[in-house]
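Visitor: First to last, the sequence lines map onto chains A and B. If you read the first sequence in numbering that gives the first Met the number 0, its first letter stands for residue 0, the second for the next number, and so on. If you read the second sequence in numbering that gives the first Met the number 0, its first letter stands for residue 0, the second for the next number, and so on.
Hint data in this document are derived by calculation from the structure and do not stem from the laboratory.
No more than 25 Å apart at the CA atoms, straight line, and that leaves these computed lysine-lysine pairs for BS3-like:
1. K206(A) / K54(B)
2. K54(B) / K99(B)
3. K47(B) / K58(B)
4. K58(B) / K206(A)
5. K57(B) / K206(A)
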Amino acid sequence: MPGTALTIPAASITGPPILHTTANAATTWNLDIPYTLYADATTTYTATAANDTIIRYIIQVQAAQNVTTAWANAGTGNGWAVEATGVDGWWPPTATTNVAAVAVTVVHGNPDQYVWAPRILTPAEQEAQRVRIAAVKEAEDTARARAEELLNRYLREDQRVTLQEKGWFLVEAKSGTRYRIYRGRSHNVKLLDTSDREVASLCAHPKMVVPEADTMLSQKLMLELAEDRFLAMANKRHLMERRLAA
Amino acid sequence: MERTEGKLPNINHDALENFRQGRCMMAVMNHTGDHRLTWDPLNEDEVKEAREEFKRLKKAGYIAYRLNIIDPEVRGPKADTFSRWDGEIILDFDQLPKDKPSEVVMSPMMAGG
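Take the sequences, apply the hints, and build the full model.
Guide: Printed below as a string of structure tokens:
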């Protein structure tokens with residue numbers, strides 16, 4: 000069913016970045032920000048605004064009784080369901096039947112003021128934040144310790160010693176080529192020449208973010224058991240040429 | 000720096016214990032370090048569970064390294080439990096030996112940095 004086109008002229012937006020104004024579609028609505036528009040959903044609506052002033056939009060629908068469509072996923076009309084959110088400045092939904100109402104909330108304003116404005120936490124919020132940070136740190140420590148244990152499981156005694164004392168261990172591939180693996184994730188593998196000088200830096204690591212020791216074990220296993228595969232994917236940086244150039 | 004020899008933990012104790020008990024082990028690296036699954040290669044239910052986990056991880060792009068366990072009682076007391084090159088990349092769970100325990104390390108998909 001053809002409906003009313005509602006155009007939101009961004010140019011008329013004034014005032015502080017966050018206001019709460021509700022305007023009914025049937026009325027002449029004022030463009031304080033943000034605004035919420037309620038309307039009869041048997042009509043098709045179009046809301047537009049300048050992209051550069053929209054921080055986000057939220058489209059909610061309220062289902063009519065006994066609605067089972069996925070679109071109106073509030074189900075029986077007892078509540079509002081978020082249909083879509085985003086940061087695009089264009090909202091072209093088509094509400095047909097079986098929808099009791101549609102609400103559109105568009106937040107305009109200066110993103111710096113709205114999104115990043117600092118807020119002083121209440122003591123309760125500070126405590127909750129402290130607990131969250133402590134839990135994350137504990138989980139990270141546990142993961143790190145577990146990964147270290149797994150790495151050490153597959154290192155020889157001499158490798159364990161140099162890792163603990165110097166932060167690296169040597170790996171010898173089946174080709175006879177030797178590599179030094181340092182702690183780290185990126186460019187931490189060094190290709191050695193016959194005099195054990197580092198001649199190139201190699202970078203290949205698990206795509207997934209894993210603890211440092213897991214990364215080193217992945218690199219060790221691939222160098223020992225699939226050296227060609229490692230070299231084919233690794234980003235290589237020659238170190239000797241740099242030294243000579245310097 | 001103080002010499003740490005002798006102070007390092009007996010890291011491969013678990014590996015030997017599993018080996019002597021005839022159990023296989025799969026260590027799966029992830030953001031929590033890793034999780035480990037052990038199974039008896041002669042127990043069909045446990046093998047089935049391990050095979051399903053293996054398939055799931057391979058589908059997710061993991062690389063499977065099979066590593067042979069070496070018992071110091073066989074190779075001598077100073078032998079390392081896992082020697083270099085004594086393993087291979089496997090693509091299928093059934094490449095694991097059925098008559099002896101082995102360890103598998105599942106490493107996430109690698110990429111050049």
